[in-house]
Amino acid sequence: MIYIIDILGTISFAISGVLVALSKRMDPFGVLIIASVTAIGGGTLRDVLVGNTPVTWMHNMTYVYVILATTIFSVVLRHKIDYLRTSLFLFDTIGIGLYTLVGIQVGMSHGLHPIICIALGTMTACFGGVIRDILCNEIPVIFRDEIYATACILGGISYFVLRKLPIEDDYVFMFSGLVVILIRLLAVRFKIKLPNLYKSEIVN
Amino acid sequence: MIYIIDILGTISFAISGVLVALSKRMDPFGVLIIASVTAIGGGTLRDVLVGNTPVTWMHNMTYVYVILATTIFSVVLRHKIDYLRTSLFLFDTIGIGLYTLVGIQVGMSHGLHPIICIALGTMTACFGGVIRDILCNEIPVIFRDEIYATACILGGISYFVLRKLPIEDDYVFMFSGLVVILIRLLAVRFKIKLPNLYKSEIVN
Amino acid sequence: MIYIIDILGTISFAISGVLVALSKRMDPFGVLIIASVTAIGGGTLRDVLVGNTPVTWMHNMTYVYVILATTIFSVVLRHKIDYLRTSLFLFDTIGIGLYTLVGIQVGMSHGLHPIICIALGTMTACFGGVIRDILCNEIPVIFRDEIYATACILGGISYFVLRKLPIEDDYVFMFSGLVVILIRLLAVRFKIKLPNLYKSEIVN
Chain A
1 MIYIIDILGT
11 ISFAISGVLV
21 ALSKRMDPFG
31 VLIIASVTAI
41 GGGTLRDVLV
51 GNTPVTWMHN
61 MTYVYVILAT
71 TIFSVVLRHK
81 IDYLRTSLFL
91 FDTIGIGLYT
101 LVGIQVGMSH
111 GLHPIICIAL
121 GTMTACFGGV
131 IRDILCNEIP
141 VIFRDEIYAT
151 ACILGGISYF
161 VLRKLPIEDD
171 YVFMFSGLVV
181 ILIRLLAVRF
191 KIKLPNLYKS
201 EIVN
Chain U
1 MIYIIDILGT
11 ISFAISGVLV
21 ALSKRMDPFG
31 VLIIASVTAI
41 GGGTLRDVLV
51 GNTPVTWMHN
61 MTYVYVILAT
71 TIFSVVLRHK
81 IDYLRTSLFL
91 FDTIGIGLYT
101 LVGIQVGMSH
111 GLHPIICIAL
121 GTMTACFGGV
131 IRDILCNEIP
141 VIFRDEIYAT
151 ACILGGISYF
161 VLRKLPIEDD
171 YVFMFSGLVV
181 ILIRLLAVRF
191 KIKLPNLYKS
201 EIVN
Chain L
1 MIYIIDILGT
11 ISFAISGVLV
21 ALSKRMDPFG
31 VLIIASVTAI
41 GGGTLRDVLV
51 GNTPVTWMHN
61 MTYVYVILAT
71 TIFSVVLRHK
81 IDYLRTSLFL
91 FDTIGIGLYT
101 LVGIQVGMSH
111 GLHPIICIAL
121 GTMTACFGGV
131 IRDILCNEIP
141 VIFRDEIYAT
151 ACILGGISYF
161 VLRKLPIEDD
171 YVFMFSGLVV
181 ILIRLLAVRF
191 KIKLPNLYKS
201 EIVN
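Which chain is which? The protein sequence lines are A, U and L, in order.
UniProt numbering puts the first residue of the first sequence at 1, with every later residue one more than the last.
UniProt numbering puts the first residue of the second sequence at 1, with every later residue one more than the last.
UniProt numbering puts the first residue of the third sequence at 1, with every later residue one more than the last.
Because the hints were derived from the structure by calculation, they are not lab data.
Nothing here was measured: the structure is a model prediction, and the numbers come from that model.
All clues given are correct.
Same chains, same names: a pair is fine if it fits in one copy or spans any two.
As a list, the in silico SDA-like pairs of lysine to any residue whose alpha-carbon atoms are at most 20 Å apart:
| hint | residue 1 | residue 2 |
| --- | --- | --- |
| 1 | 24 | 138 |
| 2 | 24 | 137 |
| 3 | 24 | 134 |
| 4 | 24 | 133 |
| 5 | 164 | 115 |
Pulled out of the complex, with its shape left as it was, chain A reads as follows:
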């Protein structure tokens, strides 16, 4: 289950990387690098921080092949994907829902505290996109779109709450992932933002 989730997240994030890289007019290798970094950046940071080395994608060639295939597929179909530009947003959102759960699982398998697990899940979900945006010279989406990391954190909390209830593990997974995705979709749809704490100052 967790493995399928991981692959689906990889595909979602690789597509989102390809779309951003294409919009920046990168050449084929640039597109591949951005797709890879977006797809495996968050998991790589997570693995490095918990000491899970060589990091996951070095052992398991599936990730490499999935990213390569997704990149080629997205580049070939780029004009079709472009018409569905909102799909970038959707793929990104599905990606963070799935990756949050993967990160939490890794944290739990290392016996870490739930707060740390949620931090790892949020990192796994958000960090690939942060690197993608830094490399593409955009302000990271995590800072532009305020309910991004918040959705991951709330999904993570709901995971640990639901686990205490008599619900099957697979449903707990699915539901927590949906929490992340729905919170982000609703936040964007209804323009919900967290309040600024500091409105008075003029930023130089």
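Since the structure of chain A is provided, determine the placement of chains U and L on it from the hints.
Only chains U and L this time, still in chain A's reference frame:
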């Protein structure tokens, strides 16, 4: 001793992170992320480079609670803290003094060469602020304020010199930390800068 | 053999770091930091990702001394080096050729798949320059100059192809390194670029 120093440094850096994040009008989670990254970024890099994983703050929830409490406290009292805007500078300075020593200790406990220990101390002290500034889209303070890393390096050197003398360990600690703090305070007060080596070229 | 290559790459990259830092009017410690990061940044990322910690330069003081000596030497002779500004390009190019091979070797010694080894080689070669450029507030050369990473990847592929032939290891090394260097030199000389895939959109 080293543990108390570490907690004090964490508080100092978390406050400095909160102040910068608030001045950038971030929402509550953004403020928490910047406070955390500032407080634990340098130590995390140090731990990853020496292979001390899972990194310190994943084992020891004290850091997490200290950062959470400091963040809430600073946000609630933000209007008071704001009047003391120079306090940002002061907290940052105390932070680098304390963290330099923590980093040196970790290097020594891994049996590394004094030069490497000083590099680790400087990294521990400076890297959290570098990430804070990159994420807040400012030029890292380490490059704006030239006696920043230099103060850490000189404090580190004085630590290894003082250790050879017949002085108690606690005093060696305190004195080396003060060296870092004083050098930075004096440099800023008297506008001391290191010389540029290359004055003739116009930077585009 | 691999060790000599590594030291030569360290010197080449340290010089390239010094030249960029000087052109940004950095003070002596800033120059040293940029030289170090350029020279060991790629190898550090590689070591962290494969779990080779404490990272190489912490064990082996040779790197530290070589970087220190190269930095002092380059700073003293900066006016001479400046006349040869194209040398920056040349040193950078030799550096990526040598480091690609070092990265591939580390990957192979961990029993990783050739694709992963090539990725590690490319990372070792390119990442130091990426950090150098980010810290100096320039667009990373890897994105400005499109045949940069591509040269490393092609050199890596030629290494794995040549290994299958009945050629001595040292020649395989030399030849693959030359492939990287020649591809980049020719690409820059004849302004060869990879095609953009997405020319129609206006980037905001």
